[in-house]
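Protein chains: 2
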Amino acid sequence: MNSINLKEKLRHVKSHWHPHQITVVDDMQVILAKIKGEFVWHAHENEDELFHVLKGTLYMQFRDRTAVVQQGEIIVVPKGIEHCPSTKDGEEVHLLLFEKTNTAHTGNVQHELTKTEYPKI
Amino acid sequence: MNSINLKEKLRHVKSHWHPHQITVVDDMQVILAKIKGEFVWHAHENEDELFHVLKGTLYMQFRDRTAVVQQGEIIVVPKGIEHCPSTKDGEEVHLLLFEKTNTAHTGNVQHELTKTEYPKI
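Just so you know, the protein sequences line up as chains A and B, in that order.
Per this note's numbering, residue 369 is the first one in the first sequence, and the count goes up by one each step.
Per this note's numbering, residue 369 is the first one in the second sequence, and the count goes up by one each step.
Treat the hints as calculated values from the structure; they're not laboratory data.
It cannot be assumed that every hint is accurate.
Identical copies carry no separate label here, and so any pair may be met within one copy or between two of them.
[To be verified] Here are the computed lysine-lysine pairs in the BS3-like style, where the Cα-Cα straight-line distance is at most 30 Å:
id: 1; residue 1: Lys456; residue 2: Lys404
id: 2; residue 1: Lys382; residue 2: Lys404
id: 3; residue 1: Lys423; residue 2: Lys488
id: 4; residue 1: Lys377; residue 2: Lys404
id: 5; residue 1: Lys375; residue 2: Lys468
id: 6; residue 1: Lys468; residue 2: Lys377
id: 7; residue 1: Lys423; residue 2: Lys377
These figures come from a predicted structure and were not determined experimentally.
Chain A extracted, bound-state conformation (with noise of 0.2 Å):
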């Protein structure tokens, strides 16, 4: 029941696409994440996924679109539909998800970036 600074929390993030996770509600779990480039094209079947952009811009690719979302905005991305989200022009974005604890990370693709464990900060 302590107040969590997201700036603070930020500065133990170092690498990129790797969720750290800050706190639980319930069984959703906060996340905060440093992302630059582009992702992995997956899906999560069974959750929604929101993405909070507090710095930066998120290109969210869909398979017939791409949403921008700006620092201070939001998106949610519904269960079983495709996405990658991405950045532009080398541009490191920071972001707070909200999602699932047994949500996995690129749903069921395995890439080089898919993390399995989410360290907690």
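Mind docking chain B on chain A? Use the hints.
The following block gives chain B in isolation, referenced to the frame of chain A:
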């Protein structure tokens, strides 16, 4: 799958202590609220509740202490814990909340501030 701009959505929230739902993530809802002054002592027996301060300073009172939650900070109130959100010096504070869609506004306490309907904005 569109981006949700928090500042734009906050313009639709015109009264204090009245949560407005901006989206859902699985069985959780994402809420915006503007608060000022002191709320109602209550607990949610079966649901955790996350408060993310977007503007101002939240004073989250517990029975044994008060947590100060500043802009850019988060606090999670665990299920079953009595709490009373408040602000100081007449400041209006803007909050983003995450909680189960079936979480009762003031738990099992009935009060004139209790809302049973959260507008969808």
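Structure-based check of all given hints:
With identical chains, the CA atoms of Lys456 and Lys404 are at most 30 Å apart within one copy only, with a shortest distance of 8 Å there and 40 Å across copies. Taking the shortest alpha-carbon separations for Lys382 and Lys404, only the intra-copy value of 12 Å comes in at or below 30 Å, while the best inter-copy value is 38 Å. In this assembly of identical chains, Lys423 and Lys488 lie within 30 Å of each other by CA distance both inside one copy and across copies; the values are 21 Å within and 26 Å between. Within a single copy, Lys377 and Lys404 get their C-alpha atoms as close as 18 Å, and across copies as close as 28 Å, so both meet the 30 Å cut-off.
Within a single copy, Lys375 and Lys468 get their C-alpha atoms as close as 23 Å, and across copies as close as 26 Å, so both meet the 30 Å cut-off. Proximity of Lys468 to Lys377 under the C-alpha cut-off of 30 Å is found in both arrangements, the shortest distances being 20 Å within a copy and 25 Å between copies. With identical chains, the CA atoms of Lys423 and Lys377 are at most 30 Å apart both within one copy (14 Å) and between copies (19 Å).
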